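Asker: Given chain A's structure and the hints, the job is docking chains B, C and D onto it.
Protein chains: 4
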Amino acid sequence: MIGGGQGAFIGAVHRIAARIDGEYELVCGAFSSDPLKGKASGVALGLDESRIYGSYKELIEKEKQLPEDQRVQVISIVTPNHVHFEPSKMALENGFHVVLDKPMTFSLDEAKQLKTVVESTGKLFCLTHTYTGYPMVKEAKQLIKSGKLGKIRKVYVSYPQGWLSEFLEGADNKQASWRTDPGKSGIAGAMGDIGTHAFNLAEYVTGLSVSHMCADINVVVPGRKLDDDGAVLLKFDGGASGVLIATQIAAGEENNVRISVSGEKGSLEWQQVDCNSLIVRWPDKPAEIYRTGGGYTSSYAQHNTRTPAGHPEGYLEAFANLYRNFALTVKAGLEGTEAQPEWLDYPGVEEGVRGMAFTENVIASGKSDQKWTPFTI
Amino acid sequence: MIGGGQGAFIGAVHRIAARIDGEYELVCGAFSSDPLKGKASGVALGLDESRIYGSYKELIEKEKQLPEDQRVQVISIVTPNHVHFEPSKMALENGFHVVLDKPMTFSLDEAKQLKTVVESTGKLFCLTHTYTGYPMVKEAKQLIKSGKLGKIRKVYVSYPQGWLSEFLEGADNKQASWRTDPGKSGIAGAMGDIGTHAFNLAEYVTGLSVSHMCADINVVVPGRKLDDDGAVLLKFDGGASGVLIATQIAAGEENNVRISVSGEKGSLEWQQVDCNSLIVRWPDKPAEIYRTGGGYTSSYAQHNTRTPAGHPEGYLEAFANLYRNFALTVKAGLEGTEAQPEWLDYPGVEEGVRGMAFTENVIASGKSDQKWTPFTI
Amino acid sequence: MIGGGQGAFIGAVHRIAARIDGEYELVCGAFSSDPLKGKASGVALGLDESRIYGSYKELIEKEKQLPEDQRVQVISIVTPNHVHFEPSKMALENGFHVVLDKPMTFSLDEAKQLKTVVESTGKLFCLTHTYTGYPMVKEAKQLIKSGKLGKIRKVYVSYPQGWLSEFLEGADNKQASWRTDPGKSGIAGAMGDIGTHAFNLAEYVTGLSVSHMCADINVVVPGRKLDDDGAVLLKFDGGASGVLIATQIAAGEENNVRISVSGEKGSLEWQQVDCNSLIVRWPDKPAEIYRTGGGYTSSYAQHNTRTPAGHPEGYLEAFANLYRNFALTVKAGLEGTEAQPEWLDYPGVEEGVRGMAFTENVIASGKSDQKWTPFTI
Amino acid sequence: MIGGGQGAFIGAVHRIAARIDGEYELVCGAFSSDPLKGKASGVALGLDESRIYGSYKELIEKEKQLPEDQRVQVISIVTPNHVHFEPSKMALENGFHVVLDKPMTFSLDEAKQLKTVVESTGKLFCLTHTYTGYPMVKEAKQLIKSGKLGKIRKVYVSYPQGWLSEFLEGADNKQASWRTDPGKSGIAGAMGDIGTHAFNLAEYVTGLSVSHMCADINVVVPGRKLDDDGAVLLKFDGGASGVLIATQIAAGEENNVRISVSGEKGSLEWQQVDCNSLIVRWPDKPAEIYRTGGGYTSSYAQHNTRTPAGHPEGYLEAFANLYRNFALTVKAGLEGTEAQPEWLDYPGVEEGVRGMAFTENVIASGKSDQKWTPFTI
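These protein sequence lines map, in sequence, to chains A, B, C and D.
Just so you know, we're using the UniProt record's numbering here: the first sequence kicks off at 1 and counts up by one.
Just so you know, we're using the UniProt record's numbering here: the second sequence kicks off at 1 and counts up by one.
Just so you know, we're using the UniProt record's numbering here: the third sequence kicks off at 1 and counts up by one.
Just so you know, we're using the UniProt record's numbering here: the fourth sequence kicks off at 1 and counts up by one.
If you are wondering where the hints come from, they were derived from the structure by calculation, not from laboratory data.
It is possible that part of the hints are untrue.
For identical chains, the list gives no copy identity; a pair is met inside one copy or between any two copies.
Dumping the calculated SDA-like pairs for lysine to any residue here, alpha-carbon to alpha-carbon at most 25 Å [as the list claims (entries may be wrong)]:
1. 285 with 308
2. 39 with 66
3. 115 with 182
4. 285 with 147
5. 148 with 284
6. 331 with 43
7. 145 with 277
8. 148 with 296
9. 235 with 360
10. 265 with 295
11. 174 with 308
12. 235 with 370
13. 37 with 22
14. 174 with 284
Bear in mind that the values here come from a model prediction, so they are computed numbers and not experimental data.
The shape of chain A in the complex, shown without the other chains (with noise of 0.2 Å):
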């Protein structure tokens, strides 16, 4: 692991996700741009010390050096936005599977390049875009792939939070000083941190790729130097349109993603606060709640579940759902046997560079009195 020492955030959650379907073993780490507290934080986690890294470049070149059946498989990279390209090009580039942390890049010509390596080199690629792993977000995305609900006409996606209405890195907190720090997280704020999980729901959940946006971007908070509100009208290839909003000044929000999509024949709705349950409604018949467990549910959701209907599985569950894909996928290119669908159906490389064209286009729409522009990568 590269990142993720103590105070960090989503450092702890990669590992809680690695372990809980003992797929993963931590086996060395460098955990911090500071060498004490890196090894501190390695100590804290039981490593043997000989495996606990002053850099990521040290952490690399050493574990290159290691027998093939000692040195660690998968580099699971959870640094600040900064520092996401240099480590994954050189970990894929020395013979290493990667996880990493979206936002994929600090800048879109980075995520090229990022994509152009993983092609090259053929190694394995993760992006951890969490919400396309909860099984009912995945049944979402089958039920409209099997067409059930025709062709898809609306697509509303919405990611509010409330933890950035005060001037909170004005106050000393570790993780909104990095996350609204043009020098860390990149040109975008709110959009680069949740809007593009937004972005990514939507296309995952229904195939479609967007074409043109139409942003609002706010700051909203004085003082602040990135984005922390948005919203952004959409319009899909082949038709469809839609409406993202992404903003961080809701007071008292907590983290309630939620989408809905129509098409011709029904429409969905699937939200984070009840992450089991994924509505249906028909213009004819009674709507219907899809749930996690449930029998008549797709292959992708079955996979994704540990326990029958009614014990929920959540947040750390569905970060699981792409490790352990990520894993299987891993292992049958070891042992040279062909990955199952529904262990492909994480997000990569793909996904990345979407999300990091997503951010400079809805910037740059942002800013320009222009309504519709286009979507370019």
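Answerer: Same frame as chain A, but now just chains B, C and D:
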């Protein structure tokens, strides 16, 4: 009553709303442009045949000739949009108070004329934006007015319907036919029919005025003559921003109007499907559920509630609240007493003008290549 | 109307319910045992003073002397329980149809006598068990009747209130005072007031009859004279079993009556707080949400619905459904036509006898050391 | 680990729960009474073959012979009920800490013996009553303990399942077979399997002890050998009363364990389907929604939460909280430091004895003609 004969939808709703609190008695009507049908409707409603009229003109003229203590006092006009202005104008100018179904007129120009008529005649006028009659919508307004949420930053309002997801106007559906007919509805379909409700709700609850819009307006169902779908980015005077969604093609959706508003200190959320609850979220304490009938609610909520908490009041009661408050205000006028502020809290001609301005502005914005267009009246 | 003067609660509810559908006109009343108060109440309601009576006896006698086309046709009796039997009997015997608030009488003996009166006079009689007027409660009954859930096995019904969690009868609260007074309420408090509703709901929805009970009846608030809390194990004819809960001391609870029923093939659940939804669960397919106004619902649900799906109908509309169906039945009688089965689906004297039998049996069971006591009438 | 081989359900859950927080490493196992199957299970789990044992006896004996720094420290026992007592006793007496699946033993007599063993050996013991691991269940307990709800008056607890609504034990279903087999489950079916959970939840949350019960226990599905349904009236020490429902034949129900408790000043409600919310109702102010991750929650809730509010934690995290707290307590013992009260808040042998007493008392009460039977141990 003018309009609302057999086969109409909203006329029956108006009659129930007027009856609920016993403040009105239906004494006369011109229920249809077809005199035979109008007559039959009036008979079915138990009216004295002498007061069932063949046209709105006849109604107004004949009633005016009756002795003051016998003639109708308030005329409800529930015709399609293109027959709103003339009867309202004539009724007001002949000394009758008017309750008019929304949207107020066929065009903004008519709306502005009607405003002049209301002001010059001094008669009372109510426009039935039903959703502002819900006790918990009133509570939301009072909560924001009290400053407890701090300065308002974001406003999301949404009105999804699914009933026009098919080409019903091709299937001899009376409601679908006139609502999608530019000659009867005006320049807008969904935006005029339900977009105006959403717009009114947003301005009512927040007390803010929209200053700029950026609209994506669509005709989704092939063959339809007016918009059946739209999404609008909003800017408000004072700096808040928002999103308004109105669609009639969300297959399977009923009429779940909803609004959420965030201020510096907290957020609130209301939706028609759970109309007796108002959820208020805070950054640092548990979210609260305000309930219709709660002893802790404002005088505005309590005045508009009939039963103890837990006995659901619904759409008809919200509608009845408009009628009741209008009656109380009319009676205060007759008695020369002062109307209480809770009674005066019904939508009037100013809301009607803004609603028609919304319709014209939003359709213009939808056609414009310019991003932000100012809200002009 | 008999009873329901100023300060009363349920009288005003009856009047609204009777008005909603325009089937009734309030023409006379004896609103209070205090003639002055009764007079004032009638005047406030806009009645002709000649038909505001000083007592129920006077009302029945005087109205009977009026010409048939002027006299009242249906008498609503909304007095406290100890003044149910005599006025009902007298009204029926003098040729009036009767709507009576529940519970039917002061004692089971009176109830059986009243049944005889109804049968011998041939007049129509409606007992206002409101909750059976909800469209989705009717849908539940029809769904079970259709056999889709299979043979019924379990019935859980619950009526929690919190308003009597303090000793309100010591604080000059009119509602609390008579409802906790054995001289006015009868032998039961909570069990008579809301337990009978729960009991009626269970028998109505399932079509089954309770055969045995085992009751835990409590007086929780110190100083109270009647039960304010109870829970009852139930056995039904045919083998189903269940639990009935009724309490008035669940502090903070409103009136969330709810019922859930399981059959061999599926289960259903309804609760007043979400009164327009009926949840139906199946072992092998997604749960379904039946909704008031849904085109797929039974003729019973549709007949009792006024507005398109998504516009919430509530408690007053449920109450109005009883009044409307009673009126339709009365009119069919006058016109010599046959009442439709949907109209006849209102609670009557048989439900009243069973309700009083429930009250007496449950209080007896509460006092008994024997576990199961048979349900006797 | 003892038990939990291929085909088992709860064994896999225990392993995930133990892994989530990285406090445990699976080092050895006797996974099945069938040695071949046990071996295969251990290999699939990646265990060193030398530490996959053919029986629990072999496991305990062999592990005890290993050097202290290599041998297993905590033994998880996840076998069917009839193989709980012997392995637990032997493990404890040979110096191992034990985590045991509920119900604790086959009989109350065994339970009391096991309590003596725990006390005499001084080893630590955890019984996995999972639902007490939910942060919002802990919050409920702390809220009641704080006195904010006043003295407790009513307790309703319910555990509805539908999976045994058909005769699955006739269809070669492993889970159904042993759970309905008196030789493996003991004298109770539903009451032992899920009734004990409901009972434990009620006593945990309220801090009260059941003193008397009156039970209706049924075998609903023809051919079944043990109860699959029951409802129990409860009395608690100190005067509160309540109802416990546990059923396995509510067709279509998942596992929506729920509890609601009323005190003199307010009420609370929690249900597994919305496990991260705790609803608290007050007579005179808005209801509140306490949420997992809320900064305002108790130290007990916060200690048992991993992610920021809004990222749902579920059943596996609740289960993991038991394992984590047990591990923290074990480590405190090893380090000679004092365990924090939040760590010690896991169910132990006392809860196990009361659970087995519940099972025996409730079955006896079900068979008794006497109404109230005292809760005896």
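Asker: Decide, hint by hint, whether the structure agrees.
Answerer: Hints, one by one, checked against the model:
no.: 1; hint: 285 with 308; in the structure: between (27 Å within a copy, 15 Å between copies)
no.: 2; hint: 39 with 66; in the structure: within (20 Å within a copy, 32 Å between copies)
no.: 3; hint: 115 with 182; in the structure: within (23 Å within a copy, 51 Å between copies)
no.: 4; hint: 285 with 147; in the structure: both (17 Å within a copy, 19 Å between copies)
no.: 5; hint: 148 with 284; in the structure: both (14 Å within a copy, 19 Å between copies)
no.: 6; hint: 331 with 43; in the structure: between (29 Å within a copy, 16 Å between copies)
no.: 7; hint: 145 with 277; in the structure: within (18 Å within a copy, 29 Å between copies)
no.: 8; hint: 148 with 296; in the structure: both (15 Å within a copy, 19 Å between copies)
no.: 9; hint: 235 with 360; in the structure: both (17 Å within a copy, 23 Å between copies)
no.: 10; hint: 265 with 295; in the structure: both (24 Å within a copy, 16 Å between copies)
no.: 11; hint: 174 with 308; in the structure: between (39 Å within a copy, 15 Å between copies)
no.: 12; hint: 235 with 370; in the structure: both (15 Å within a copy, 17 Å between copies)
no.: 13; hint: 37 with 22; in the structure: between (27 Å within a copy, 20 Å between copies)
no.: 14; hint: 174 with 284; in the structure: between (51 Å within a copy, 19 Å between copies)
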